[in-house]
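Undergrad: Start from the sequences and build out the full structure, keeping to the hints where you can.
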Amino acid sequence: MDSNKFTSAGAAHQNTTRQSNVDLKLKLNKFKMLPVTVEFSGGAELLCGNVKKHDVDLPGQQNKWQIRNLLVWIKDNLIQERPELFLLGDTVRPGILVLINDADWELMGELDYELQEKDRIVFISTLHGG
Amino acid sequence: MCNVEDQERNGSENLPVSSSGKSLTGSGCVKCGEPGVLVTRIHDSFCKSCFQVYVVHKFRSAIGKSKLIRDGETVLVAFSGGGNSSALLHLIQDGLSLRAHKRLRFTPTLLHIDESCISGVRSDELRQKREKIRQIMIKSGFPSYWTQLEQSLNIYPELSSKSMSKSKSSENPASPNSLWLTDLGQEPAPNQVPDDPPLEESRKLQDLIKSFKSSTAQEDFIHNLRNQLLVAAAQQLGFSKILTAESSTRLAVHILSDIAQGRGSQVSLDTGISDERNPGVMFMRPVRELNAKELAMYNSLFGVDTVFMPTLTTKTSIASSIERLTETFVTGLQADYPSTVSNIVRTSGKLGGPDVKRTDKCSFCQSPLDTDVGKTSALGAVLFSQHMSRPKMVDPKDNKERVSDGPVYSNGTHTPIASMPNLKEALCYGCRLSLHEFDGDTSMLPTLITKRAMWSIQERQKDELSGYLLEEDVEVNGVG
Amino acid sequence: MPRKCGNCTNNAVLKRPKTGDALCKDCFYWAFEEEIHQTIVDAGLFSPGDTVAIGASGGKDSTVLAHTMKVLNDRHDYGLKLILLSVDEGITGYRDDSLETVKRNQQQYDLPLTIVSYEELYGWTMDAIVEQIGLKNNCTFCGVFRRQALDRGAMKLGATKIVTGHNADDIAETVIMNVLRGDIARLRRCTAITTGADGYLPRCKPFKYAYEKEIVMYAYFKQLDYFSTECIYSPNAYRGYARTYIKDLEKIRPSAIIDIIHSGESLSVKKDVKMPQQTVCSVCKFVSSNEVCKACVLLEGLNKGRPRLGIGKTHKERRKWEEDLAEEASRLSLHNTAVSGSSDCGQGCARDEVNGCGSVFVGADEDDVNGDGRRNGCCGGTGSGGCGTTQRENRMPAQKVITARTTMRNLLDF
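Residue numbers (full-length UniProt numbering), protein chains in the order written: chain Z, 1 to 130; chain R, 1 to 480; chain G, 1 to 414.
These aren't lab readings, by the way, just hints derived from the structure by calculation. Note that beta-carbon positions come from the ideal geometry of N, C-alpha and C, so glycine has one too. It is possible that part of the hints are untrue.
Quick look at which bits of chain R chain Z covers, simulated, 3 or more residues with Cβ under 8 Å [said to hold, decoys possible]:
| # | segment |
| --- | --- |
| 1 | 36-48 |
| 2 | 289-300 |
| 3 | 325-338 |
Listed next, the in silico SDA-like pairs over lysine to any residue satisfying Cα-Cα at most 20 Å (straight line) [claimed, not checked]:
| # | chain 1 | residue 1 | chain 2 | residue 2 |
| --- | --- | --- | --- | --- |
| 4 | Z | Lys53 | R | Glu125 |
| 5 | R | Lys31 | R | Gly64 |
| 6 | R | Lys315 | Z | Ile79 |
| 7 | G | Lys251 | R | Ala319 |
| 8 | G | Lys247 | R | Gly332 |
| 9 | R | Lys375 | G | Thr195 |
| 10 | R | Lys213 | G | Pro17 |
| 11 | G | Lys4 | R | Arg390 |
| 12 | Z | Lys53 | R | Pro310 |
| 13 | R | Lys350 | G | Arg188 |
TA: Following this line, the structure appears as structure tokens:
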């Protein structure tokens, strides 16, 4: 088994967080997965099958994970319907508040913020009532 | 043609400035320098405790400035379970707690209106949400009531004509309504748990709503229905004030959508600190100086539990209704021009309201009628246009040309609302607009509207005939 | 099966955006024209014998306006004398073409035409202005100047009223804009069908309730000649948002435009809100809310190379300017006039009473004795000499100077 082959193969399978992959990656100690928590509320959870809290392991990759690519990942993996109600262009729709570890993302660099392990990203929709 | 020529005379070209994209990363709190947790007021950052002080201050000053709530008064708080009303509840609890600086001097009673029938779906998910809301209300420790939107069909309007008010005042001021309002504080009995509303009633309401042809008209109708239900419930329970939790963002959206629906005269009532349209019951909006982001942040920082109930236009496209479109417009503009919401709300603050003590009010929303505008007006223009575009039918009795109301569809039928042609005379411009899109039978309309309309028309006829009637206090509404 | 016209028995060719009714061509023409007639009559816009200047830009609104006014004037015997009045802002490419259209309109409708130009009135074309200040805020200049240009042109022709082609969409857009900006004063005025009074020309909008779509349809079916293009100097981006919003609203509910106008008409302002007072500009005598009217302030800025004067907070800009000038004065140690409190420096320079003398640099070479670009003996516009201060105290009106670039001409000259 060629270790190179596995590394590139591991990076290619983005969706699945299988135990075997994790073990392999940890063994190879390359491209660690990034465990973060993504939460939705204020109605945004309706777009994710009504699940408010998602503990995810972002697949390891060469470049750092930023909010920018987290959004793309969320669109591909967590959003089940009507992505246009969540995203607009490469950022979130106006009216959706983003908190990184309980702080306004505007104070953390918005899209450029680099994710750390165990970060908690919360998306709160302020549209529509209350 | 370039439309700029209207920049003239006083020439203050005060266009809002776009947010410069200034980076705020790592900014400290503007008050104390601690690390900030959010950015608001354009580009001020606040730390958690200074933010709390800020929010509480805005809440207390909105109430205090208005000087409308007396010490020891009990007020009804409309609680939907969503973000805004949860924040309001938390602020009230916080303000009543012993450690609060200058405790609040009123006590709240919570009221929830179950609107789950609108989505037309009866599901476990919705039941769970309802249960959660009920838990939150009980946990608050405040007296709590539960009712359903279906009850709005059971409201019997209170008579407020001049002749009746004298005799009424000596009686119990509460209206003769008997709405179904559950007191959540009592021991839970099998039928006290907020069940699904009776199927029959839900169907009736759903059919009524579906008879409005556009989402815009449906939303507008539901909005007014909800308000009237709140008023009726308050009257039945003996409250004279209702607190609602609209944020400034929500109000800015409402201002524009009101204007877009011809409700310009009601803007100050719909969005000001208080609204006294309804006799005996006043609405107040204590969190109107806080925007949506601030309230959401407050909830998040202080662990406030919220339950999101889907509404009519949840998950629909952006242009499904005027309210939705406006919301997208305002929040989008706010993102680039952070003073948008405050500008809009400030504008409405400068608008005067119509005199709410007038007796000619809309039979539905109770706003003073704004349709007495003469021929040189938008209303006059529309009527004339209709006149020019359709075959004319002159009603010889009242010599008014009766043109078929509402859009004429290809088969040219009259909408059934023509069977009660005077109904629209008793409605304001905005309610007329919504009713235009109603193609059900007038018997489907809530008694609330039809009764009031009938009374107001009779009142008007009586006025026209005054001086010729021999009996001074002839009962106009004989059978009632 | 084709739909029938709602009014007669012919086949319908269009659906009216305003009411959703289907009409045939002739019924539509009739409805459109008679509605304008009704608006004019109900609002009492004209009296027989009025001379009415039609603001003609060559665009669809003004072409249809000219046509309709002519038709109604004849059909209903208004007894009006109609003239076409066009403004040349001096924007190459844009204005040239539209002016050609207006000239053709003159032929087509057989109406007399007068053209007034910014160049002639103010000494600046829009091209020159944009060159000076770039593309930001140029709309401010154009708007202010155009408004005055129309008034001055109309007065020159002896007109008693001006009509413009503002349609329902324009007014709705203005209402929304004013709400967004928090401009209470304009919000109150913008839905009035006639604006202006107090001795200045009333300006009416007979198309106030006419939908833009219907105007376009009318022009299309009647094959009226018009020029439609956007101004090349990008229009106000903020207004674009309001416009998009209105268009989207119209798609959801076509009557929204009229509804917005109704809202605008029903708004009332609180009694204690301060409204700007109307007074007269001290320089050019035109009506103004301030001591010096906006056009004069803008021109002053242009002429002295401080084009931001009049944009944003005037007093801040002016203070900054005075600081700069004071600094420069002390650096160059100019020879100031004696601080003797003499009441008149007597140099005959064009004065703007707010700034003291020398505030407008007049480029007539024979006056430049020292060859330093300034008048002999005067403070050179710093306002820091005794002359400038005294001028302010004595409040002498601006002298009229005929040179290439100048301040606003006194209104009475026309």
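Undergrad: Could you run down the list of hints and mark each one as holding or not?
TA: Results of checking the hints against the structure:
1. 36-48: Coverage by chain Z holds for the segment 36-48 of chain R (5 residues, Cβ < 8 Å).
2. 289-300: With 7 residues in contact (Cβ-Cβ under 8 Å with chain Z), the coverage given for the segment 289-300 of chain R holds.
3. 325-338: The restraint on the segment 325-338 of chain R holds, since 6 of its residues have a Cβ under 8 Å from chain Z and three suffice.
4. Z/Lys53 to R/Glu125: 16 Å, holds
5. R/Lys31 to R/Gly64: 23 Å, violated
6. R/Lys315 to Z/Ile79: 13 Å, holds
7. G/Lys251 to R/Ala319: 9 Å, holds
8. G/Lys247 to R/Gly332: Measuring from Cα to Cα gives roughly 16 Å; hence the hint holds.
9. R/Lys375 to G/Thr195: 18 Å, holds
10. R/Lys213 to G/Pro17: 18 Å, holds
11. G/Lys4 to R/Arg390: 11 Å, holds
12. Z/Lys53 to R/Pro310: 19 Å, holds
13. R/Lys350 to G/Arg188: Holds, at roughly 11 Å.
When held up to the earlier numbered hints, the structure conflicts with hint 5 and nothing else.
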